[in-house]
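Asker: Place chain B on chain A using the hints.
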Amino acid sequence: MRSWRCAAGWVLGASALALLTICWAVPVNAQQPVELRFMSWFFGEDPAGPALKSLFAEFEKSHPNIKVVPETVTNAERVPKFTTAMEGGRGPDIYMDTPPNAPNLIQRGYCVNMEPLIKQEKENIKSWFTRGDLESFEDAKGNLFFLPYDTGPMGLIYNIKAFRDAGLNPNQPPKTWEQLLDYAKKLTKGDKYGIGLFGKGDNSSVWRLWYWWMSNGASVLSPDGKHSVINRPAFIEAVDFWADLYRKYHVSPPSTPANSYGENNQLFAQGVVAMVESGVWQFGVTEQINPAMKGNIGVAPMPMRKAKVAVGGGTDANCITRDSKHAKEAWELLNFLSSEQSGITIWNIGRKFPANVRSMQTPKLRNDPLVKAFAPMIEVARTPFTSVHYVEITNALGVMQQEVLTGTKPTAAAVKEASDKIDAILSE
Amino acid sequence: MVRGRARKVLWLAAVYSMLAVVNLFVLFPFYSMLVTSFKNQASAITLPIQWWPKAPTFQAYVTMWAARPYGRYFLNSLIVASLTTLVSVGLASLAGYGFSRYRFRGATTLLMAMVGTQMIPGILLLITYFKVVSMVGLYNSLTALVIAYTSFVLPFSAWIMKGYFDTIPMELDEAAMIDGCSPLATFVRVALPVAVPGMTATSIYAFLLAWNEFMFAYVLTDSNSKYTISVGIAHLFGEFSVAWNELMAAGMVAAVPPIVLYMFTSRYLVSGLTAGALK
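Protein chains in written order, with the numbering used here: chain A, 1 to 428; chain B, 1001 to 1279.
Treat the hints as calculated values from the structure; they're not laboratory data.
Don't take each hint at face value.
With a Cα cut of at most 20 Å, we get these calculated SDA-like pairs of lysine to any residue [said to hold, decoys possible]:
#1 A:K409 <-> A:K421
#2 A:K192 <-> B:I1049
#3 B:K1054 <-> A:V69
#4 B:K1131 <-> A:K192
#5 B:K1131 <-> A:V79
#6 A:K53 <-> B:P1048
#7 B:K1131 <-> A:R322
#8 A:K294 <-> A:A373
#9 B:K1054 <-> A:Q270
#10 B:K1131 <-> A:T83
#11 A:K67 <-> B:S1223
#12 A:K186 <-> A:P303
#13 A:K189 <-> B:P1048
#14 B:K1226 <-> A:P70
#15 A:K325 <-> B:M1135
#16 A:K328 <-> A:K186
#17 B:K1226 <-> A:N171
#18 B:K1226 <-> A:G44
#19 A:K186 <-> A:D202
#20 A:K294 <-> B:N1040
#21 A:K53 <-> B:M1135
#22 B:K1226 <-> A:E77
#23 B:K1131 <-> A:G89
#24 A:K53 <-> B:K1131
#25 B:K1054 <-> A:N290
#26 B:K1131 <-> A:R90
#27 B:K1131 <-> A:G109
#28 A:K53 <-> B:E1239
#29 A:K53 <-> A:E340
#30 B:K1226 <-> A:R322
#31 B:K1226 <-> A:E71
#32 A:K192 <-> B:P1048
#33 A:K185 <-> A:N171
#34 A:K294 <-> B:M1135
#35 B:K1226 <-> A:Q402
#36 B:K1131 <-> A:K186
#37 A:K308 <-> A:V380
#38 A:K294 <-> A:G271
#39 B:K1131 <-> A:P80
#40 A:K53 <-> B:R1068
Chain A extracted, bound-state conformation:
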């Protein structure tokens, strides 16, 4: 009797446990959506974060089986957090970054090759983007690893009132280097300066110097990316012209060798400098510092020399990481985020230009004055070079920039030294 009871107890217990397991496991598996962990600094930024989150909400509505989980990183420390997570085997499904960091992350194998995913699509997805945006996120064989999300070429941002006060027509901004110098001279008076050069030697400053040599037909690296080609007349001439705006003509403030993004934001917003090289974000930043500048900011392509170019200043793109167990769903999301339809939200809420050029041609966007102003720059915007040694090369160019500005070395000597350093870096 006792053993019978015991056996019955065991059977009952086992049945209850099995039933519980079935009840618990089956519906959960059936209902639980796929979670996509999306790592970006945008979630801590306004208005870029709300725009991205609004797109997530839209995507989740049409894909009820997918849930996007934002993971916030800080803008400055995003790479250490991402690389640690990847090395620790706990990387997110999707990671956002910009051209300077992309080659290194691609080389480390953190991001998956998107070519097979692109080939599966009926439409040629690459045709959505400019060549400049795509090449920033490709490997040496031309395989794409990041899908561009937004873009931001840099142009000449100027103070309309300062132009008028100096007797210049704000509707006719300078178109050549010579005109730029002429305008800068006219805008320089007392403690006001024609242009705010970025001379600090940091990434932001070197990035802005790019335009000058690109416009003069020079490059940093040889086409195979193995040698420095800066020690050439076109490059030296461009750097000399740029530095002379400060050294010889004094149309940039005395603090130029210490000025970068933060400093020039203030100087421009407070009317101390009348022109800066910047992107669409400059409008929001300037108005935040000095609300009186609203409606007083003009934009034009940077004055041209030999080549019609613009520097890509802020392309953000997303990659699917090798740790992702939901690559298919992640691809669906990225496809949606970079689509023509999402581009409208990226501009309307996020105030960034969508990387998808078709979005820019939609009636909702093409008539926007800022879109109109920047559109020609987006077409020709390029990242001057991509290299896994981006940081070291930028540092070498930053030292050169400082030496030239402060007169520590003649331009040719400083450029030669930087060129030798870059060659040494590349030969490692």
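Answerer: Only chain B this time, still in chain A's reference frame:
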């Protein structure tokens, strides 16, 4: 006599002038931080710099608390720093007492090896910590931070405590043992009460390290509910702009607990750190 006094006055004047300069150098950034926290966003970055705000306001403090859960960050930091302090001081006292009172083979080597771990840059351990923490399911938890910080603090703390116990005469321990105390009771009832200055110095060291640390807290946590104050503040650095007044207000608030701790315990700090330095 008069000449000697004049020389002394001159010497003192020189010393105090030097100290004043050093103080100015140390306190100026703090002053700048304080003043900026009372400015609005526009005047915080106005040129020329306003050394005193034209219209002082608490707006940055209000905005800061409203915009982000600083109360939570603050509490997290307090929990992590307090627990790190408790655990590390407890373990360091035991270790320090052991090294000071017991002679065993390899004691010096072991002590040197422990202190030697301090020579390894912490950043090199980040990925390993991350892997271990993820593996045991402690990712995004305050426990992970307490464990990590304790491991950073413990070797040096044990060294400080060993130095302090060395200054306490062995006769005290022997007297307690003659009165019937076990080794543990001797440690708890006799050695520990005398070692309070050493423990205080260790506490300050542990608390400050845990309170200020950024990179591990940033990498090992992943949500507002687990961020510490240093991670919360780092999120104020935007891609295109920085709210300097809020940043400084948050910095001021974050500086309060270490300052208060230091004010109450500073008298123990020097004696605790230098004990055992001279024999």
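Asker: Against each hint, give a clear statement of whether it holds in the structure.
Answerer: For each hint, the structure was consulted:
1. A:K409 <-> A:K421: 16 Å, holds
2. A:K192 <-> B:I1049: 17 Å, holds
3. B:K1054 <-> A:V69: 44 Å, violated
4. B:K1131 <-> A:K192: Violated: K1131 (chain B) and K192 (chain A) sit about 55 Å apart, past 20 Å.
5. B:K1131 <-> A:V79: Roughly 17 Å between the alpha carbons, so the hint for K1131 (chain B) and V79 (chain A) holds.
6. A:K53 <-> B:P1048: Given that 20 Å is the threshold and the Cα spacing comes to 39 Å, the pair is violated.
7. B:K1131 <-> A:R322: 17 Å, holds
8. A:K294 <-> A:A373: Judged against 20 Å, a Cα distance of about 17 Å means the pair holds.
9. B:K1054 <-> A:Q270: Answer holds: K1054 (chain B) to Q270 (chain A) is near 17 Å, not above 20 Å.
10. B:K1131 <-> A:T83: 12 Å, holds
11. A:K67 <-> B:S1223: With Cα atoms ~17 Å apart, K67 (chain A) and S1223 (chain B) stay inside 20 Å; holds.
12. A:K186 <-> A:P303: Holds - the C-alpha atoms of P303 (chain A) and K186 (chain A) are around 16 Å apart, at most 20 Å.
13. A:K189 <-> B:P1048: With a Cα-Cα distance of about 18 Å, the restraint between K189 (chain A) and P1048 (chain B) holds, given a limit of 20 Å.
14. B:K1226 <-> A:P70: 15 Å, holds
15. A:K325 <-> B:M1135: 18 Å, holds
16. A:K328 <-> A:K186: 58 Å, violated
17. B:K1226 <-> A:N171: With Cα atoms ~52 Å apart, K1226 (chain B) and N171 (chain A) exceed 20 Å; violated.
18. B:K1226 <-> A:G44: 16 Å, holds
19. A:K186 <-> A:D202: 29 Å, violated
20. A:K294 <-> B:N1040: Holds: K294 (chain A) and N1040 (chain B) sit about 19 Å apart, inside 20 Å.
21. A:K53 <-> B:M1135: Violated, because 30 Å separates the two Cα atoms, which is more than 20 Å.
22. B:K1226 <-> A:E77: The given pair, whose Cα atoms are some 18 Å apart, holds under the 20 Å limit.
23. B:K1131 <-> A:G89: Roughly 7 Å between the alpha carbons, so the hint for K1131 (chain B) and G89 (chain A) holds.
24. A:K53 <-> B:K1131: Not OK: K53 (chain A) and K1131 (chain B) at ~30 Å, beyond 20 Å, violated.
25. B:K1054 <-> A:N290: 16 Å, holds
26. B:K1131 <-> A:R90: 8 Å, holds
27. B:K1131 <-> A:G109: Since the Cα atoms of K1131 (chain B) and G109 (chain A) sit roughly 19 Å apart, the hinted pair holds (cutoff 20 Å).
28. A:K53 <-> B:E1239: Within the cut-off at roughly 17 Å; holds.
29. A:K53 <-> A:E340: 17 Å, holds
30. B:K1226 <-> A:R322: Violated. K1226 (chain B) to R322 (chain A) sits at ~27 Å, over the 20 Å cutoff.
31. B:K1226 <-> A:E71: 13 Å, holds
32. A:K192 <-> B:P1048: Judged against 20 Å, a Cα distance of about 13 Å means the pair holds.
33. A:K185 <-> A:N171: 18 Å, holds
34. A:K294 <-> B:M1135: 52 Å, violated
35. B:K1226 <-> A:Q402: 42 Å, violated
36. B:K1131 <-> A:K186: The hint is violated at about 60 Å.
37. A:K308 <-> A:V380: Holds, because 7 Å separates the two Cα atoms, which is no more than 20 Å.
38. A:K294 <-> A:G271: Given pair K294 (chain A), G271 (chain A) holds - Cα atoms ~13 Å apart, limit 20 Å.
39. B:K1131 <-> A:P80: 14 Å, holds
40. A:K53 <-> B:R1068: 18 Å, holds
In this structure, the earlier hints numbered 3, 4, 6, 16, 17, 19, 21, 24, 30, 34, 35, 36 are contradicted, and the remaining ones agree with it.
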